[in-house]
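Q: Here are the chains, one letter per residue:
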Amino acid sequence: MANEILNIGLKHYLLVAALLFSIGLFGLITSRNLIKVLMSIEFILNAANINFVAFSHYVTPHELTGQVFAIFVMTIAAAEAGVALAIALSIYKHFQSVDMDKIHLMKW
Amino acid sequence: MNMPFLTQNAWLPAFFPLLAGTLIFILAAFQRKANQAAIGISITGVLLAFVASLGLLGARFADSGHALQGSLRWLTAGQTEIAMGWSVDNLTAMMLVVVTFISLLVQIYSAEYMSHEEGIPRYYGALSLFTFSMLLLVLADNLLVLYMGWELVGVCSYLLIGFFTFKPEAAAAAKKAFLVNRIGDFGFLLGILILFYMTGSLQFSVVTEAVAAGKLPGALLALAGILLFCGPIGKSAQFPLHVWLPDAMEGPTPVSALIHAATMVAAGVYMVAKLMPLFAQATSPLFGSFLVLDAIAWIGGITALLAAAIAVTQTDIKRVLAYSTVSQLGFMMMALGMYQATTEAGHLQIIPLGYTAGLFHLMTHAFFKAMLFLCSGSVIHAVHSNDMRVMGGLRKFLPVTALACLIGTASISGFPFLTAGFWSKDEILLAMWEAHSPLFGLAALAAVLTAFYMFRLYFMTFEGSYRGELAPEQIHDSGWLMKGPLVILAIPSLLAGFVGTPWTPPAFHIHSFLHFSPVGHEATGHAVATHTGLNPVVLGVSLFVFLVGLGLAWAMYGSDKPALAPQALAERFAPLHKASLNRFYFDELYLLFIRWVVMGFARISAFFDKYILDGLLVNGVGLFTIGSSETLKYLQSGRIAYYALSVVSILVVLLLAFLKLGFGKVGM
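Just so you know, the protein sequences line up as chains U and E, in that order.
Each residue of the first sequence is one higher than the last, beginning at 1 in this note's numbering.
Each residue of the second sequence is one higher than the last, beginning at 109 in this note's numbering.
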């Protein structure tokens, strides 16, 4: 029984990733703060990263495709964070607020 | 002209008028009043065409073996090649000479007749193009080129009928002629398409061979034959599409002489003769032994009698001649429809007995009818009226015209032995007699009426005393440019018949020059036996018919105090007289048909278009889009969290649905 718990496999990684994804999704939907939304997106991206690496390790151990993909995702996430924070800053300058509920100009 | 060059390039006759017409229109674009140049170019073009045609006719006489032909590749589509082909056989050669000869004389005549009119270059350009189109039609060796020429003569006819653009009646008549012709041409085109679809070729020789080989099922062949015959019904003004030709008289009189009497309207007869191998094969399974040729004969017969019956009461000199043309074209069609059916080894063999007779009449009629029209032009020129009631006694003022008109009248009425019309009409009656056709009596009656209305025209115009208001010194005969063509045309009007008498040497006889050869026998020159000779019964009928018509006309119109008052006779047969005077109400009938049936249908269509198509469908789609987008736009709330929520929830629902329904198993 103890062995089984210590024997960490693909399933466990996927569970962690799913948990992380769900937290990110929950944060994305419920957050009012723009910064929190960005953080939630990072959660989701990293959940995907964990999946990539885990699948890569367990399914195709001799190829590094998944890992390479994870690095790509991190790079893009970094770039995205830079752009998104810049947008957040200018939104704050304009509205004096980062409350998402107050920023809904893009509607009918 | 170099003979081998001419026979190898038999398209030359058509080329000269085309060149002339093009030159005139280019010239007219720069110099609107280039009258003399236009006349010169046009007459030169048609003169060259006439000389070339004479050369070709001579070549055919010298060696009437294979047709002079050739072709240029026009377009290729897959396996199908369509050529611009020409072919000159004996029939074509005769038509070439007739068309160019009359066109030449009419153009010379026009130089004086039209001298007071505006737009001479336009007139001569259209005349040249008309001559070109007609020659193209005649030279064609395939159905498409024939159809092209066919439509082009229609266009030129439209332009020339409507030449007097300031006259609303002329514009209306031009439109009517064009539209009525289109009805027939539509059938013609459908017929061509059937033949093309079934045989894969448009070439006359290939098509007729395929038909002879039985490539077309009987019903389809009959349908094609009837559809093809719609073309001649329109162009040759046969019943029930004859209504356009009398109205076409609104055009200048020389145009009536050339187009609406001698050449274009003969195109239908020419086409039936050209496709005779096909028509002779076309039996209709619907009516037992009924042939398409029977339909041709009956349509021709009805036309001949109907038009003659209308002509007897008309008072407009050109309209009498127009109905007379319709009637004579009916005679030609009737002759072409005569046949003798024999069964040879179980195979039905059709011998068209009236083939030569119809074409013979086509030729003689072209001469004397063109002359009669030119005579009427001369008269109209002199008294400035079309109405015969204000003419009379004009022989004193217009002696040459009167003589020419008398010769033409004698010829068309069939003055025995001396005139061309007698011999050709005799041939037709003979063919009908030998075919044992029930139409013989009808033809004889139409011939009586012909003699009657033509002499009525002559007496009312030239004999008796003058009934108009012009002073005698104001009426004068026309100049020699107009009288010359009359005199020249009088010669063939008298002499052209001598190629068809029983005493003509066989070498020059029209039966040996123009005869029907069944498919497969052209090369050997094997002719179907056709009759030559004087049948006493037919001759008697011919003479009797002529004398009765002449006598009646003399009694009623011969002098100022007629033995038989036309007025009394008209009252005696009032309903008949009234019907004839009103052209048997055909125009009214068509107007009613258009007003109620066509316009009713148009109204229904307009309603459907306006309210169903435009209203319900087109506007409906627009309204639905507006309505739905007005509703759906509220989904665009601007709150990103909602978007994310909706994306995720839809995704979850879809995933669950796929898992539940097992779509995912497909990929596994």
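Bear in mind the hints are in silico, worked out from the structure with no lab data behind them.
Certain hints may be false.
Unchecked claim - Okay, derived cross-link-like pairs now, DSS-like style, lysine-lysine, Cα gap no bigger than 30 Å in a straight line:
no.: 1; chain 1: E; residue 1: Lys-741; chain 2: E; residue 2: Lys-504
no.: 2; chain 1: E; residue 1: Lys-275; chain 2: E; residue 2: Lys-686
no.: 3; chain 1: U; residue 1: Lys-107; chain 2: U; residue 2: Lys-11
no.: 4; chain 1: E; residue 1: Lys-768; chain 2: U; residue 2: Lys-11
no.: 5; chain 1: U; residue 1: Lys-93; chain 2: U; residue 2: Lys-107
no.: 6; chain 1: U; residue 1: Lys-107; chain 2: U; residue 2: Lys-36
no.: 7; chain 1: U; residue 1: Lys-107; chain 2: E; residue 2: Lys-504
no.: 8; chain 1: U; residue 1: Lys-102; chain 2: E; residue 2: Lys-741
no.: 9; chain 1: E; residue 1: Lys-283; chain 2: E; residue 2: Lys-718
no.: 10; chain 1: E; residue 1: Lys-669; chain 2: E; residue 2: Lys-741
no.: 11; chain 1: E; residue 1: Lys-718; chain 2: U; residue 2: Lys-36
no.: 12; chain 1: E; residue 1: Lys-284; chain 2: E; residue 2: Lys-669
To be verified - Every beta carbon over 10 Å from chain U, so not counted as near; a handful from chain E, in silico:
no.: 13; residue: Phe-133
no.: 14; residue: Arg-181
no.: 15; residue: Glu-277
no.: 16; residue: Pro-348
no.: 17; residue: Ile-459
no.: 18; residue: Val-508
no.: 19; residue: Glu-571
no.: 20; residue: Leu-684
no.: 21; residue: Phe-692
no.: 22; residue: Phe-694
no.: 23; residue: Leu-725
no.: 24; residue: Ala-749
no.: 25; residue: Ala-752
no.: 26; residue: Leu-763
As the list claims (entries may be wrong) - Not the full set, but computed from the structure, chain E residues with beta-carbon under 8 Å of chain U:
no.: 27; residue: Thr-188
no.: 28; residue: Met-192
no.: 29; residue: Arg-747
no.: 30; residue: Leu-753
no.: 31; residue: Val-756
A virtual CB, placed ideally from N, CA and C, is assigned to each residue, including glycine.
Q: Are the hints correct? Go through all of them and say.
A: To see whether the hints hold, each was checked on the structure:
Distance check on the hinted pair: Lys-741(E) and Lys-504(E) sit about 95 Å apart at the alpha-carbon level, beyond 30 Å; violated. For the proposed pair Lys-275(E) and Lys-686(E), the alpha carbon gap of about 28 Å is at most 30 Å, so the pair holds. Restraint check for Lys-107(U) and Lys-11(U): the C-alpha separation of about 42 Å exceeds 30 Å, so the hint is violated. Restraint check: the Cα-Cα separation between Lys-768(E) and Lys-11(U) comes to about 23 Å, which is no more than 30 Å; the hinted pair holds.
Simply put, Lys-93(U) and Lys-107(U) have alpha-carbon atoms about 21 Å apart, close enough for the 30 Å limit, and the pair holds. Between Lys-107(U) and Lys-36(U) the alpha-carbon distance is near 22 Å, which keeps this suggested pair within the 30 Å criterion. Between the alpha carbons of Lys-107(U) and Lys-504(E) the distance comes to roughly 100 Å, so the proposed pair goes past 30 Å and is violated. A C-alpha spacing of about 20 Å is found between Lys-102(U) and Lys-741(E), which places the hinted pair at or below 30 Å, so the restraint holds.
Restraint check: the Cα-Cα separation between Lys-283(E) and Lys-718(E) comes to about 28 Å, which is no more than 30 Å; the hinted pair holds. Taking the CA atoms of Lys-669(E) and Lys-741(E), the gap is about 96 Å. The hint is violated against a cut of 30 Å. Annotation: proposed proximity of Lys-718(E) to Lys-36(U) is violated, straight-line Cα distance about 59 Å (limit 30 Å). A threshold of 30 Å between alpha carbons decides the hint, and for Lys-284(E) with Lys-669(E) the separation of about 40 Å lies outside it, so the pair is violated.
No beta-carbon of chain U comes within 10 Å of the beta-carbon of Phe-133(E); the shortest separation is about 64 Å. With a cut of 10 Å on Cβ distances, Arg-181(E) stays outside the contact zone with chain U, its closest approach being about 63 Å. The non-interface label for Glu-277(E) is consistent with chain U: the shortest C-beta to C-beta separation is roughly 65 Å, beyond 10 Å. The claim that Pro-348(E) is not at the interface with chain U holds, since no C-beta of that chain comes within 10 Å of its own (minimum 67 Å).
Remark: the non-interface label on Ile-459(E) is consistent with the geometry, its nearest Cβ contact in chain U lying 86 Å away (cut-off 10 Å). Remark: the non-interface label on Val-508(E) is consistent with the geometry, its nearest Cβ contact in chain U lying 93 Å away (cut-off 10 Å). Against the 10 Å criterion, Glu-571(E) stays outside the reach of chain U, whose nearest CB is about 95 Å from its own CB. For Leu-684(E), the shortest C-beta to C-beta distance to chain U comes to about 82 Å, beyond the 10 Å cut-off, and the non-interface label holds.
Once the 10 Å rule is applied to beta carbons, Phe-692(E) is consistent with being away from chain U; the minimum gap is 73 Å. Its beta-carbon lying about 68 Å from the closest one in chain U, Phe-694(E) satisfies the requirement of being farther than 10 Å from that chain. Every beta carbon of chain U lies more than 10 Å from that of Leu-725(E), the smallest distance being close to 29 Å; the non-interface claim holds. Non-interface status of Ala-749(E) relative to chain U is broken: a Cβ of that chain comes within 10 Å, the nearest being about 5 Å off.
With 10 Å as the threshold on Cβ separation, the claim that Ala-752(E) sits away from chain U is violated: the shortest Cβ distance comes to roughly 5 Å. The Cβ of Leu-763(E) lies farther than 10 Å from every Cβ of chain U, with a closest approach of about 13 Å, so its non-interface assignment holds. Interface restraint check: Thr-188(E) against chain U, minimum CB-CB distance 59 Å, threshold 8 Å, status violated. Interface restraint check: Met-192(E) against chain U, minimum CB-CB distance 66 Å, threshold 8 Å, status violated.
For the restraint placing Arg-747(E) at the interface with chain U, the shortest Cβ-Cβ distance is roughly 5 Å, inside the 8 Å limit, so the hint holds. At its closest, the beta carbon of Leu-753(E) sits 5 Å from a beta carbon of chain U; the interface hint therefore holds under the 8 Å criterion. Annotation: Val-756(E) was flagged as interfacial toward chain U, and the flag holds, the nearest CB pair being 6 Å apart, inside 8 Å.
In summary, the structure is inconsistent with hints 1, 3, 7, 10, 11, 12, 24, 25, 27, 28 from the numbered list given earlier, while agreeing with the others.
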